[in-house]
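Q: Protein chains in written order, with the numbering used here: chain A, 1 to 196; chain G, 1001 to 1390.
Read the hints as simulated data drawn from the structure, not as lab findings.
In this text the structure is predicted, and so the values were computed from the model without any measurement.
Hints should not be assumed to be uniformly reliable.
[Claimed, not checked] Pair by pair, the computed Cβ-Cβ distance ranges are: (1) A:E66 - G:A1188: 28 to 36 Å; (2) A:W138 - G:E1007: 39 to 47 Å; (3) A:E67 - G:S1187: 16 to 24 Å; (4) G:I1128 - A:H145: 35 to 43 Å; (5) G:E1007 - A:E172: 45 to 53 Å; (6) A:K127 - G:D1379: 25 to 33 Å.
[As the list claims (entries may be wrong)] Which bits of chain A does chain G cover? Going by a derived footprint, with three or more residues having C-beta under 8 Å, they are: (7) 42-51; (8) 78-91.
[What the hints assert, rightly or not] No more than 27 Å apart at the CA atoms, straight line, and that leaves these computed lysine-lysine pairs for DSSO-like: (9) G:K1311 - A:K39; (10) A:K13 - G:K1311; (11) G:K1075 - A:K56; (12) A:K36 - G:K1075; (13) G:K1075 - G:K1243; (14) G:K1092 - A:K36; (15) A:K13 - G:K1309; (16) G:K1243 - A:K56; (17) A:K39 - G:K1092; (18) A:K39 - G:K1243; (19) G:K1308 - A:K13; (20) A:K56 - G:K1252; (21) G:K1309 - A:K36; (22) A:K56 - G:K1308.
Just so it is clear, CB atoms sit at the ideal spot from N, CA and C, and this is done for glycine as well.
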Amino acid sequence: MRADLDLIKDWIKPQSRVLDLCCGEGELMHYLQTNKQVKGYGLEIGHDNITECIRKGVNVIEKDIEEGLASIQDNTFDSVIMTQAIQIMMRPDEILDEMLRIGRECIVTFPNFGHWRARGYLAFRGKMPVSKFLPYTWYNTPNTHFCTFKDFERLCVERNIFIMDRTVVDHEHQHRWWIHLWPNMLGEIAIYRITK
Amino acid sequence: MPDVIPENSVGLVQPQTLHFDQPLQLSCGRTLDQYDLVVETYGTLNEDASNAILICHALSGNHHVAGYHSMEDSKPGWWDSAIGPGKVIDTKRFFVIGVNNLGGCHGSTGPNQINPETGKPFGPDFPIVTVDDWVESQARLADYFGIQQFAAIIGGSLGGMQALQWSINYPDRLRHCMVIAAAPRLSAQNIAFNEVARQAITQDPQFFDGHYYEQDTVPRVGLMLARMLGHITYLSDDGMRNKFGRELRSGKINFDFTPQFEVESYLRYQGERFSTAFDANTYLLMTKALDYFDPAALYNHDLAAALKKAKANFMVISFTSDWRFAPERSREIVDALVAADKSVSYAEIDAHQGHDAFLIPIPRYLDVFGAYMERVIADTPSLNTQTEEV
């Protein structure tokens, strides 16, 4: 199981209704269905991912999130999850609003652009950071909206979004005690649990 | 015409006629005191009758879903690409039923069959039948076979509408419901096309108000026009461009009204072939069943409310270039199922073949279909023990 999914699962209540945006091969939903008896769906646009979800027994709906979630009624889900995808959205702020409209709680994970390695890369090399963890160059990256933990938390304040929980981990999704000394500098991935 | 029957074909098949004499109360208020249903079955029903799949047909379909009636047949059944040993609907595992719906013209009680009360064909006196009526008659068919619960009910277009209606009318009698290239109800444009088709038939001088059997004729031109019009709505603009473009049959323009473009002769050929193989009164009935289909109507036009009592798992599939029942129409079904908290998956298949795509073995379509059928197998316990033994 992917380590970030392992961290998320504890925030999902048994038998709740869950929507997983950009669900990939449905790994998280499959785990939650099997171990927490949750009901729900994954949204996905990757053809092979969709077939794999169906094969696994994960309910998947072919839908481009960028086209909006307007067809889903308010508070349909207990939790709406988006892992490692908010930074590729055209309008992360609008997606967040929509997620919080259709779900009571949302779980969002994204890479921290304020990590010291990214800062150092830009500061000393004068180039946009490229790493094993973020392998794209500026012209072909799907990550059009990078932010730091601080940026994200400022958006939450502006939009009256309440942060229920936050976990900051390294790129292997491991907790390290020292990350908490200076999360925005030392953390590579943040997992936020938010609500309105 | 196959020289040899392909290995993944159900092979030579024979329809059977089943007689029902329990009166069937129809939505229109009339009653059919007795009726026949013509069916074909493929595969073997297992002991607990848990491996049955019902295939519901579309406007011009029938019970002959797969295989051949004889070695002289030019084509197999209408969904042979999906049904057979080792195919997505695997007849080595499933018992598959194809049925000609009431009002049809391929042997089930319908306008071209003899009314036992009068000794003459029903003709235009055959009552208007609805999707609800078909579901009711199919439920009795299930009773006949001793099938309490279908492993899946599957249909495309009007067939998908029957599958959807089944999930509402008999929530406990199906585990899976596959609704392909369908819509929760017809749009005004859909109904408009149907009305032009009906006018083409009823205005044909050979129609005789539907009593053409007695005149020993058929409204061939009307039926041909109806089919030509229908056929245009089954294809897509792109599909027609790819298939015919502006190709001329003789390579030059003749400055007259004979068919010169390939698309003209294709449509005429399709229309003519259909006009000798299909019954005009049945065509009228089928288009009416389409027009009247609206399961949400009884629920204040709230489809989610209509689907609330459904218990099946749903797979909804649409095709990008289908403009008869466009992907948006399938999404209406999916949205209602989500709102009703139902188990549903949805795939939108890239295809240039328009509405007809649901009959075509498009690789991604078959992938999705096959993956879903694995779920149907997993939910059919007796099949899983069989697999282990093999």
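Q: Against each hint, give a clear statement of whether it holds in the structure.
A: Tested hints:
| no. | hint | verdict |
| --- | --- | --- |
| 1 | A:E66 - G:A1188: 28 to 36 Å | holds (30 Å) |
| 2 | A:W138 - G:E1007: 39 to 47 Å | violated (54 Å) |
| 3 | A:E67 - G:S1187: 16 to 24 Å | holds (21 Å) |
| 4 | G:I1128 - A:H145: 35 to 43 Å | violated (57 Å) |
| 5 | G:E1007 - A:E172: 45 to 53 Å | holds (50 Å) |
| 6 | A:K127 - G:D1379: 25 to 33 Å | violated (54 Å) |
| 7 | 42-51 | holds (count 3) |
| 8 | 78-91 | violated (count 0) |
| 9 | G:K1311 - A:K39 | holds (14 Å) |
| 10 | A:K13 - G:K1311 | holds (23 Å) |
| 11 | G:K1075 - A:K56 | violated (36 Å) |
| 12 | A:K36 - G:K1075 | violated (50 Å) |
| 13 | G:K1075 - G:K1243 | holds (20 Å) |
| 14 | G:K1092 - A:K36 | violated (35 Å) |
| 15 | A:K13 - G:K1309 | holds (25 Å) |
| 16 | G:K1243 - A:K56 | violated (38 Å) |
| 17 | A:K39 - G:K1092 | violated (32 Å) |
| 18 | A:K39 - G:K1243 | violated (45 Å) |
| 19 | G:K1308 - A:K13 | holds (24 Å) |
| 20 | A:K56 - G:K1252 | violated (56 Å) |
| 21 | G:K1309 - A:K36 | holds (24 Å) |
| 22 | A:K56 - G:K1308 | holds (25 Å) |
The structure fails to meet hints 2, 4, 6, 8, 11, 12, 14, 16, 17, 18, 20 from the earlier list, while all remaining hints are met.
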